[in-house]
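Undergrad: Sequence:
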Amino acid sequence: MRQVAVNERDSSWEIHEARYRVYVFYGASNAVSTTDILNATVEEALEAARMLAEGNRHLWSLALAHDDGHSGRGLVWLSGNDYNDFPRAYSDTAAYWRHRGTMQERYLMARAQAGEPVVLPTGERSIRLDPEWGVDLPLWEQFTDHYPVMRGELPLGGPLEESLAAWNQRWQQLADPDTGGDASDTDWASWPAEGAKLVASLREALSDIAEVHPAYLRHNYSDRTGQ
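In terms of my numbering, the sequence shown opens at residue 816 and continues consecutively.
If you're looking for bench data, these hints aren't it; they were derived computationally from the structure.
Note that CB positions come from ideal geometry on N, CA and C, so glycine has one too.
Watch out, some of these pointers could steer you wrong.
As the list claims (entries may be wrong) - If you anchor each label on the Cβ, the simulated ranges turn out as follows:
#1 849 <-> 924: 22 to 32 Å
#2 830 <-> 999: 19 to 29 Å
#3 930 <-> 1000: 46 to 56 Å
#4 930 <-> 884: 46 to 56 Å
#5 823 <-> 888: 25 to 35 Å
#6 932 <-> 1018: 16 to 26 Å
#7 908 <-> 820: 50 to 60 Å
#8 885 <-> 932: 45 to 55 Å
#9 855 <-> 910: 43 to 53 Å
#10 939 <-> 847: 34 to 44 Å
#11 848 <-> 978: 34 to 44 Å
#12 823 <-> 977: 48 to 58 Å
Please build the complete structure, drawing on both the sequences and the hints.
TA: Here it is as structure tokens:
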């Protein structure tokens, strides 16, 4: 997340009514129902979305339906996105996964609270790749006992586990002011590039077992701080 100070007068128009669109996705096939919410605040629209999804029993997303004079009606995603837009190489971006991850988190939390298996509607697990201090493998399975994931808990094999551990250790070196203070732009650029390769290897190893979420993209590594 970034915060940027702006001129309060830099907008040329404003309105007090909005059209919100709720998408609810059902089952492994992600059959979708769509409902527009009118005459509501964003807080009321979010609550309506939760109710339509039966209290997070289903995946859901909320968008602002905006009419553009040149392009027609479009969507501004507020919470979640189109869950039928499956992860692809070009969509492995921080913005895409920020929204998809939000949908999955509330769904998986609801299942955990209900004592149900913490899996996605397809039956797949959700595994996140994200560096952290004090851990061996930078893998996380939220709302389960595998947080973090330990060696041998996933069918990855020794070489891939070693590569993951080395990648996490490299991040710790770069992010530590004592060891990474002189790191160059090239050093920082090579680290996320290696992360993308690890994501591809994880997806191959965990095909039909888990969806791999490149959560490390949420950080801004271009500033060379690792934060």
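Undergrad: Determine for every hint whether it applies to the structure shown.
TA: Going down the list of hints, with the structure as the test:
1. Between residue 849 and residue 924 the Cβ separation comes to about 24 Å, which falls inside the hinted range of 22 to 32 Å.
2. Look at residue 830 against residue 999: about 48 Å separates their beta carbons, and that is not inside 19 to 29 Å.
3. Look at residue 930 against residue 1000: about 48 Å separates their beta carbons, and that is inside 46 to 56 Å.
4. The hinted range of 46 to 56 Å is satisfied by residue 930 and residue 884, whose Cβ atoms lie roughly 51 Å apart.
5. Here the CB-CB span from residue 823 to residue 888 is close to 28 Å, well matched to the stated 25 to 35 Å.
6. The hint said 16 to 26 Å for the Cβ distance between residue 932 and residue 1018, and at roughly 21 Å that hint holds.
7. Checking the proposed 50 to 60 Å range against residue 908 and residue 820 shows it is violated: the Cβ atoms sit about 25 Å from each other.
8. For the pair residue 885 and residue 932, the supplied restraint of 45 to 55 Å holds, since their beta-carbon distance comes to about 47 Å.
9. In this structure, residue 855 and residue 910 break the distance hint of 43 to 53 Å, their C-beta atoms being roughly 25 Å apart.
10. Between residue 939 and residue 847 the beta carbons are some 19 Å apart, a value that contradicts the proposed interval 34 to 44 Å.
11. One distance hint, 34 to 44 Å for the beta-carbon pair residue 848 and residue 978, holds here, with the actual separation near 42 Å.
12. Between residue 823 and residue 977 the beta carbons are some 53 Å apart, a value that agrees with the proposed interval 48 to 58 Å.
Checked against the numbered hints above, the structure violates hints 2, 7, 9, 10; every other hint is satisfied.
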